[in-house]
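Asks: Single-letter residue listing:
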Amino acid sequence: MVSTLHWPSEDFTQVPFAVHVDPELFELEQARIFRGHTWNFLGLEAELPKPGDFVSTYVGITPVVLNRGKDGALHAFVNRCAHRGAAVVRAKRGNAANHTCIYHQWTYDHHGNLVGVPYRRGINGNGGYPQDFDPCQHSLETLRVESYQGVVFGTFARDMAPLAEYMGEPVRKRFDALCGRPLRVVGTQRQLIRGNWKLYVENLKDCYHGALLHAFNSKFGMFRTSQRGSTAMAQNGLHCVLTTFGKKDEKIGSTYAAVGTYKPKFQLEAPEVVEYFEEHADGMVSTVLSMFPTFVLAQIANHLGFRHIIPKSVHEFELVWINFVYADDPPERLHARRMQGNLLGPGGYLSMEDAEALELAHATILSQSGRGHAFVQMGGRGLADQDHLVTEVPIRTFWKGYCDLLGMKVGEMRAS
Amino acid sequence: MSAELERRVVELNYRYAACLDGNRLKDWPDFFTEDCRYLIQPRDNLEQGLEGYWLYFEGKRMLRDRVVSLLEVNIYHIHYERRLVSNVLVAGREGDAWLARANYMMLHTDNEGRSRIFSVGEYRDRIVEAGGELRFSERHVVPDTFTVQSHISMPI
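Protein chains in written order, with our numbering: chain A, 1 to 416; chain B, 1 to 156.
No wet-lab data here; the hints were simulated from the structure.
Every value quoted in this text rests on a predicted model; they were computed, and no experiment measured them.
Below, in silico cross-link-like pairs of lysine-lysine (DSBU-like), each with a Cα-Cα straight-line distance of 30 Å or less:
1) LYS265/A x LYS60/B
2) LYS50/A x LYS173/A
3) LYS265/A x LYS26/B
Given only the sequences and the hints, what does the whole structure look like? Please build it.
Replies: Dropping the structure here:
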């Protein structure tokens, strides 16, 4: 039993802790968010070059298979046999002419249509299905699939707006800048974090924790609060694009003199880990794009990657990092991106603290049964865009969009 | 392969584990040669032909940077560590290096005293002899546990 969900303030400066530990809310999220009106990350076109190629993934907690059909188009279905409920596809990836459930060998095509049923007419006059058995009534549940710049998304909502419209201009602009040319996946990294998935979504929109929690960052400054930065929101505040601009030779120290975690004396013997090359004409150094509900596209210095947040339960999520390079990167750029790979991921110099902070928060919120509210007033109150990064506006607009989507109203008490 | 060499490789593995389990992180780089490589590459990536390294260090100086950063800069889970190393095999020789493998299991015990398996996998090593000591010219850690429990701080 968790505390009542109560949103006391119009500008979402108080967030009920219960949102992270309420099991009923988690069920509601599956229905209204993941199976509702959102576009969810499924995979990359680059992972599925040939007909029959497939990858297994999740939309929320629902297992989904994305595959390329003989028609060359991408199709997605829920990985649950229409017969007795077993997972049809067991492999994480591969190539298959069709998909057969191991239990009773019901067989489906790439679209999820049932194309084979054993003993349909029985054996020697015994058994078999009734005359009115219609395979068309026993297909797998399917998703609508669209992609943008090679990144594939799916939705359960048949009447969903087109993907490009859902993304909005700020999100499309970053996709165009970062994914608009052939890329190659160089690796995936996974971490299982004992916390609610939205703690990480908040973290992605948290402009100023980077300089305080991640001390390595304040020393080497890929993402500094004092940098020229911008926040841009879309889709009723649910998507957010944080960007910093800068020059490599800017002085860093003065920004951090008062920050407890700043380590002025720390030097690297191997500075290639933080040596980045300027890659964007507009001076963009870093960008973190979080697209609701669970997709991230980020460039930190020259490290390029997607991230997929997969909720496992109300108390746990998996974070999957999908790192990429450009197909035409020369060797020195590949080397620089590989070296900067030490900055990000589950053990990265810039990122390892997030999991620790989120697990501390979740465990403590849970110990108090979700009582009380988080305090979200950095950058004052209100929801207006700001042209600096010393702000929690993106977190507040996120919670507004979230409440709208789930039908929760400010001032209303929702018993859980 | 001589029994004496195998004994020395086992001992090298035990000393490595004892160093890290005993919280002597500063001594960790000395198990490596100056131009070493230390890599952690989860097994699912290795088998797909992907890099996917959690850490990719070239040269002992990158190992020393990791040590200083962990001791002075980064913030991470508070825990004890225990490494169990077994199935040590010396499989052959390439150039001046012995090729060796070993299984490991790494356990974490948190600051409430609760233990759990953090990672299991394999060490794939290149070991060279210099000045009468065996050192790693490469330690390629391949965790089977390809999803990290929370986050990874200390070397495996």
